[in-house]
Amino acid sequence: MQQKQALKTGVLLVNLGTPDSPEVPDVRKYLREFLMDKRVIDISYWKRWMLVNMIIAPFRAPKSAKEYKKLWTENGSPLLYYGVKVKSLLQEQLGEEFHVALGMRYQSPSIEGALTELKAQGVHKIIVVPLFPQYASATVGSVTDKVMELVKNWQIIPDMDFIDHFHDHPMFINAFAEIGKSYLKKKDYDHVIFSYHGVPERQIIKAATDTCCKLKDATCACNQEQNIYCYRSACFHTTKLLAEALGLKDDQYSVCFQSRLGKDPWIQPYTEDVIIDLAKAGKKKVLAYSPAFIADCLETTLEVGEEYKEVFEENGGEEWDLVESLNEHPLWIDCLEQLVKERCNTHAFNPTIA
0 MQQKQALKTG VLLVNLGTPD SPEVPDVRKY LREFLMDKRV IDISYWKRWM
50 LVNMIIAPFR APKSAKEYKK LWTENGSPLL YYGVKVKSLL QEQLGEEFHV
100 ALGMRYQSPS IEGALTELKA QGVHKIIVVP LFPQYASATV GSVTDKVMEL
150 VKNWQIIPDM DFIDHFHDHP MFINAFAEIG KSYLKKKDYD HVIFSYHGVP
200 ERQIIKAATD TCCKLKDATC ACNQEQNIYC YRSACFHTTK LLAEALGLKD
250 DQYSVCFQSR LGKDPWIQPY TEDVIIDLAK AGKKKVLAYS PAFIADCLET
300 TLEVGEEYKE VFEENGGEEW DLVESLNEHP LWIDCLEQLV KERCNTHAFN
350 PTIA
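Just so we're aligned: the sequence shown equals residues 0 to 353 in numbering that gives the first Met the number 0.
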């Protein structure tokens, strides 16, 4: 009798993306693709085209290329390096019943290529894991949009399952907390800041429901169940859970938002303002977290790790330490494995072919 063969489950890991090299042409190409996404800059097509192609890409690419050259290692882009490592480690832990593929929302390796890889494996189900803890239209929403655009023309569309957030998952919180604890054991910090990537206020308001707090701190911090897709609320909730895991009191930490682009108001408080206020208030030792990023990149290593350190020291601060991202930490791989298996258990289905 012919032995039955279990069909594989596909796992698609997706991160934001990175230039193919730190040279200006590749950085410009990356910026154009990234910023032309209608979910990233949510204005009309022609206004977006003019802004990106006539102003941002030409003038910002040379400056960004210099920053990418500082970030680049012998292994290339850290974001891609850790993405490949995580893919390999997760595949090892999940085993032969799964096939793990990696795609970037912008540039290489592409989501299209990753989906083609999974299609060739004949997977019966694809679990899409956008590697962004908190849901935002410009990140998770964009990945979902792109995946659906690519698979809609397949002759056979497998069962698709999207993990649209994991900012409050106990294993995610535990992994980030464990890294932070290693710093807190070595040094007595005056304060801890949790800096998240910002988004324009209009994007939060556009997605607001009748129960949404609409940018009010008090309700953002405690209204998570009703506003699970509110990015700002999710950031406050992540912070609350991390602070509890780290044993921090309310007056020992702050939430703030970085990486503004353009003149429109972005969600506040701004990280730079918080840093200046802390330094002027006499805080000398600060530990910084970036819990919106699962791998070290330009926004963590350089923006938080170096630029904000300079701001802190210029205003009287003395010691500034950055908690590294999850990268390839074993607890992070365990978290991803659990996220995938939870979806398999929730939607139990294990067909076989003769």
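None of these hints come from the bench; they were simulated from the model.
From the three backbone atoms N, C-alpha and C, an ideal C-beta is built for every residue, glycine too.
Mixed in with the good hints there might be a few duds.
[What the hints assert, rightly or not] Below, computed lysine-lysine pairings styled on BS3-like, alpha-carbon distance capped at 25 Å:
1. LYS184 - LYS68
2. LYS283 - LYS65
3. LYS308 - LYS68
4. LYS180 - LYS283
[Stated by the list, open to error] DEER-style ranges, computed between Cβ atoms:
5. TRP71 - ASP189: 47 to 57 Å
6. PRO24 - THR115: 23 to 33 Å
7. LYS84 - SER109: 17 to 27 Å
8. ILE54 - GLU95: 48 to 58 Å
9. ALA206 - LYS62: 40 to 50 Å
We went through each hint and held it up to the structure:
1. LYS184 - LYS68: With Cα atoms ~33 Å apart, LYS184 and LYS68 exceed 25 Å; violated.
2. LYS283 - LYS65: violated (30 Å)
3. LYS308 - LYS68: holds (19 Å)
4. LYS180 - LYS283: It holds: about 19 Å lies between the C-alpha atoms, which stays within 25 Å.
5. TRP71 - ASP189: 47 to 57 Å: violated (33 Å)
6. PRO24 - THR115: 23 to 33 Å: The hinted range 23 to 33 Å holds for PRO24 and THR115, with Cβ atoms some 26 Å apart.
7. LYS84 - SER109: 17 to 27 Å: Since LYS84 and SER109 have Cβ atoms about 19 Å apart, the given range 17 to 27 Å holds.
8. ILE54 - GLU95: 48 to 58 Å: holds (50 Å)
9. ALA206 - LYS62: 40 to 50 Å: violated (31 Å)
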